[in-house]
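Asks: Here's the letter readout for the chains.
Number of protein chains: 2
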Amino acid sequence: MLDQVHQDALAALVGPGGLILDPADRAAYETPARYAGGAAAAVVRPATTAQVSAVVGYCVRYGLRFVPQGANTGLAEGSTPDASGTHLVLSLDRLAAPLEIDVADRTATVGAGVRLSALNAALEPHGLFLPIDLGADPTLGGMAATNTGGARFLRYGDMRRHVLGLEVVLADAAGTTLQLSHGLRKDNAAVALRQLFVGGCGAFGIITQVTVEVHHRPRQTAAALLVPRDIEAVLPLLQAFEVQAGSTLTAFEGLSKAAMTRAIDHVPSLSNPFAGGVPDYAVLVELTRTWAPREGEVSLDEVLQQIAGDLLERDEGLLVDALFGPVEKMWALRHSLSEGLRASGPVVGFDLSFRRRDLARFRREAVLMLEADFPDYALCDFGHVADGGVHFNLVGPVEPGRRAALREAVLTLAVDGFGASFSGEHGLGRAFQDAYDRFTPRLVQDYSAAVAAVFGTGSAAVRLGPARGN
Amino acid sequence: MLDQVHQDALAALVGPGGLILDPADRAAYETPARYAGGAAAAVVRPATTAQVSAVVGYCVRYGLRFVPQGANTGLAEGSTPDASGTHLVLSLDRLAAPLEIDVADRTATVGAGVRLSALNAALEPHGLFLPIDLGADPTLGGMAATNTGGARFLRYGDMRRHVLGLEVVLADAAGTTLQLSHGLRKDNAAVALRQLFVGGCGAFGIITQVTVEVHHRPRQTAAALLVPRDIEAVLPLLQAFEVQAGSTLTAFEGLSKAAMTRAIDHVPSLSNPFAGGVPDYAVLVELTRTWAPREGEVSLDEVLQQIAGDLLERDEGLLVDALFGPVEKMWALRHSLSEGLRASGPVVGFDLSFRRRDLARFRREAVLMLEADFPDYALCDFGHVADGGVHFNLVGPVEPGRRAALREAVLTLAVDGFGASFSGEHGLGRAFQDAYDRFTPRLVQDYSAAVAAVFGTGSAAVRLGPARGN
Numbered sequence: 001m002l003d004q005v006h007q008d009a010l011a012a013l014v015g016p017g018g019l020i021l022d023p024a025d026r027a028a029y030e031t032p033a034r035y036a037g038g039a040a041a042a043v044v045r046p047a048t049t050a051q052v053s054a055v056v057g058y059c060v061r062y063g064l065r066f067v068p069q070g071a072n073t074g075l076a077e078g079s080t081p082d083a084s085g086t087h088l089v090l091s092l093d094r095l096a097a098p099l100e101i102d103v104a105d106r107t108a109t110v111g112a113g114v115r116l117s118a119l120n121a122a123l124e125p126h127g128l129f130l131p132i133d134l135g136a137d138p139t140l141g142g143m144a145a146t147n148t149g150g151a152r153f154l155r156y157g158d159m160r161r162h163v164l165g166l167e168v169v170l171a172d173a174a175g176t177t178l179q180l181s182h183g184l185r186k187d188n189a190a191v192a193l194r195q196l197f198v199g200g201c202g203a204f205g206i207i208t209q210v211t212v213e214v215h216h217r218p219r220q221t222a223a224a225l226l227v228p229r230d231i232e233a234v235l236p237l238l239q240a241f242e243v244q245a246g247s248t249l250t251a252f253e254g255l256s257k258a259a260m261t262r263a264i265d266h267v268p269s270l271s272n273p274f275a276g277g278v279p280d281y282a283v284l285v286e287l288t289r290t291w292a293p294r295e296g297e298v299s300l301d302e303v304l305q306q307i308a309g310d311l312l313e314r315d316e317g318l319l320v321d322a323l324f325g326p327v328e329k330m331w332a333l334r335h336s337l338s339e340g341l342r343a344s345g346p347v348v349g350f351d352l353s354f355r356r357r358d359l360a361r362f363r364r365e366a367v368l369m370l371e372a373d374f375p376d377y378a379l380c381d382f383g384h385v386a387d388g389g390v391h392f393n394l395v396g397p398v399e400p401g402r403r404a405a406l407r408e409a410v411l412t413l414a415v416d417g418f419g420a421s422f423s424g425e426h427g428l429g430r431a432f433q434d435a436y437d438r439f440t441p442r443l444v445q446d447y448s449a450a451v452a453a454v455f456g457t458g459s460a461a462v463r464l465g466p467a468r469g470n
Numbered sequence: 001m002l003d004q005v006h007q008d009a010l011a012a013l014v015g016p017g018g019l020i021l022d023p024a025d026r027a028a029y030e031t032p033a034r035y036a037g038g039a040a041a042a043v044v045r046p047a048t049t050a051q052v053s054a055v056v057g058y059c060v061r062y063g064l065r066f067v068p069q070g071a072n073t074g075l076a077e078g079s080t081p082d083a084s085g086t087h088l089v090l091s092l093d094r095l096a097a098p099l100e101i102d103v104a105d106r107t108a109t110v111g112a113g114v115r116l117s118a119l120n121a122a123l124e125p126h127g128l129f130l131p132i133d134l135g136a137d138p139t140l141g142g143m144a145a146t147n148t149g150g151a152r153f154l155r156y157g158d159m160r161r162h163v164l165g166l167e168v169v170l171a172d173a174a175g176t177t178l179q180l181s182h183g184l185r186k187d188n189a190a191v192a193l194r195q196l197f198v199g200g201c202g203a204f205g206i207i208t209q210v211t212v213e214v215h216h217r218p219r220q221t222a223a224a225l226l227v228p229r230d231i232e233a234v235l236p237l238l239q240a241f242e243v244q245a246g247s248t249l250t251a252f253e254g255l256s257k258a259a260m261t262r263a264i265d266h267v268p269s270l271s272n273p274f275a276g277g278v279p280d281y282a283v284l285v286e287l288t289r290t291w292a293p294r295e296g297e298v299s300l301d302e303v304l305q306q307i308a309g310d311l312l313e314r315d316e317g318l319l320v321d322a323l324f325g326p327v328e329k330m331w332a333l334r335h336s337l338s339e340g341l342r343a344s345g346p347v348v349g350f351d352l353s354f355r356r357r358d359l360a361r362f363r364r365e366a367v368l369m370l371e372a373d374f375p376d377y378a379l380c381d382f383g384h385v386a387d388g389g390v391h392f393n394l395v396g397p398v399e400p401g402r403r404a405a406l407r408e409a410v411l412t413l414a415v416d417g418f419g420a421s422f423s424g425e426h427g428l429g430r431a432f433q434d435a436y437d438r439f440t441p442r443l444v445q446d447y448s449a450a451v452a453a454v455f456g457t458g459s460a461a462v463r464l465g466p467a468r469g470n
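Chains U and P are the protein sequences, given in the same order.
Numbering-wise (the UniProt record's numbering), the first sequence opens with residue 1 and increments by one.
Numbering-wise (the UniProt record's numbering), the second sequence opens with residue 1 and increments by one.
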């Protein structure tokens, strides 16, 4: 519990309503979207950058450790306190201003606490959107801090590609505020300090304001479910779509039979789109165009059917079936996978990322390993094939020792065997600290910690290396 | 001149031919593509990463300052020594291996000394290319170190977007070698140390190997020269093309009348494409598709004509004329601009970058300022409108005091008045040191220097801040 003197001082800095001490009110801030909840000494909710600076400076001067938090939708335990009850949660959820849109510039400048849904609602009348597409509704500050990816990464990239400017508060005794670029698309007049804060997960400081590039919304969309010959055919199919659809290709999502079956069995609103039974593997492909249909133009649905039709007729037999239908219906299966898995049993999730050429071989080796050593777990993987990301999820026993052994086996095969990343798009947090300590090269840890130390004490949820004193 | 003991030691490290002392042989390494030449104590040309490490470690231990150099095509004096004759040139031009292409992965891993032309020649048979398009033929190491942009930035982005992995040698006593990622598209399992070296211009260390994402080559291209109503119409036209052409839009280059006229007058091979005289301003627009023409599909030329035709008929009158023709002919004018300027007189070049909404207003204010205070200079600007980049070039007197006053006036208006960058895509080097010292916020300088100091002593051609002891 926070000392009375700190309570009073922090309450004075953030005003009434800005300091949450009541355990019931704290709970939402203490409980991550995945993994067990922690305990906060208090939740502090500054409403302005100046208040963030004052709070952070106070915390550093008095040795109070804190964890910055946006919408608390992260999946790496990077935004919640540990169980000690000694850490503060520094919630940025009141930083909901500004929300400024510059249509001609195709940029938006928002407070770190602005939600993705709020930004997109404000952009919609202008025909614009931030195309980073994911299941949750995070804040823009959280998205920048974790370098969010998502299902349309292959076309639009990650947050790093969109962040054109940041305002940050450093975890030092002064709560130093830094403006790192102002929304220029091109700027090589200074070194890339800003890039450290993108994906930095609070280790370098707290993001208080973000300028992002936004895009024109699609005005035409077509989608299909493809059935490849086998898992080895997926990458050649992707290459064919990359050429034939070019940059109109906006999604290419792999779905395993086990993941699809669980969604179909456990999500009542979902019907089985496959007449002939669920295939071993499927790919959801999506094409979009930013323009309205033009006279004389082949429709996007027809283009998709042409491309798939040509592939179905080819001798190699890479593609064995293709289902066309309304876009929402095609995506419904993909969007139900996580819910289906959770409803079917306890999930051990891995957010792995590979060189995409390694995806099929890793899966083959992993399946053999799992069959031999972990037959009690069912592999229900799906992923973003084009960028090498795999949500390598397993459903099975909750016994901690067994789970730890499974985690160890999967990560060792992926990271040591294939040079994979153990956190493709979920960022760093307490949940990955053991993997970080074990798999990140010691030299990289040392330099990361030394660079972070230049900026201050950082977040209590991420420890970058042994050289760092926190 | 380099002491005999250092000569012997460095020659032993890099072998015969690896150390150049002869003034005639040194000249090409001492003379930048723009600005006056410097003088090197010697040129050291290691042939492997291990040799780079040995040389750099030796230099740091004995206090020899050095400047890393790729193809020496940079425009910021970042790869050549000053006039003191005390700095070594550390040329990476012998690091021409590996040159490995992974077609399925759409990546290439190359030595820092591999030229862009060599990479593209190796990629061409696979239908791939690195789409960063610029006038020179730099090395991949130099492109990464300066975060090169180019004429197709609006579609493909800069080097930062393409670099998936780096091997670097730090400027410390051990010549520490770091591998920063291995070619994953998504990796949030570590903080973004790699990003510091992209655009770091040698301040953090020396890039010895690069893994880049590459793209499918266009199989259809269409181009046109558009005549906008006036400079204010350019941005609305860009917005219309962004919607109507979507991601098939690969270039949108602005050309001023003065720049075009000088090219037409001074480049013998170039003919005037405008029947009715050179307009006040023109835009080169390019669309591309990665697929071969398909049956029933409207050709890309027709699409471009449709979009331009609709704009010509619109009431707003944003577009007053459009010229269609072979792609090479359309680009010939754009590609001749620099040559035309140089042939017409001495050039003062500025590589500015703006929020694109500010481009027209800056130009208007700059024209008024130039007419009032610098009527002896002719503005011959052209630029990458879509990403806010302007090559704000002026032709006029070479008198140093007058040039310095002009430079001061333009940069003050651009940077102080509009938050522009004084180096949009040319990186940092000795030529911009005064601008860096003056315009980069002191706090940003301090943190940049402190972060660089974590990694070592860095390049002698870039000084990031007063806190740094070099």
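Warning: the hint list may mix true and false statements.
To be verified - What follows is a set of in silico ranges between Cβ atoms, one per label pair, in the way DEER data are often shown:
(1) U:Pro98 x P:Pro293: 45 to 51 Å
(2) P:Asp416 x U:Gly419: 45 to 51 Å
(3) U:Pro268 x P:Ser117: 37 to 43 Å
(4) P:Ala121 x U:Pro98: 28 to 34 Å
(5) U:Ala118 x P:Asp434: 41 to 47 Å
(6) P:Lys257 x U:Arg361: 53 to 59 Å
Said to hold, decoys possible - Partial selection, computed: residues in chain P whose CB lies under 10 Å from chain U:
(7) Ala76
(8) Ala104
(9) Thr107
(10) Thr146
(11) Leu270
(12) Phe274
(13) Thr290
(14) Asp358
(15) Val398
(16) Arg402
(17) Leu443
Calculated directly from the structure, the hints in this document are not laboratory data.
Being a predicted model, the structure only gives us computed values, none of them experimental.
Cβ coordinates follow ideal geometry from the N, Cα and C atoms, glycine included.
Asks: Which of the listed hints are not met by the structure?
Replies: Result: hints 3, 4, 11, 12, 15 and 16 break, sorted rising.
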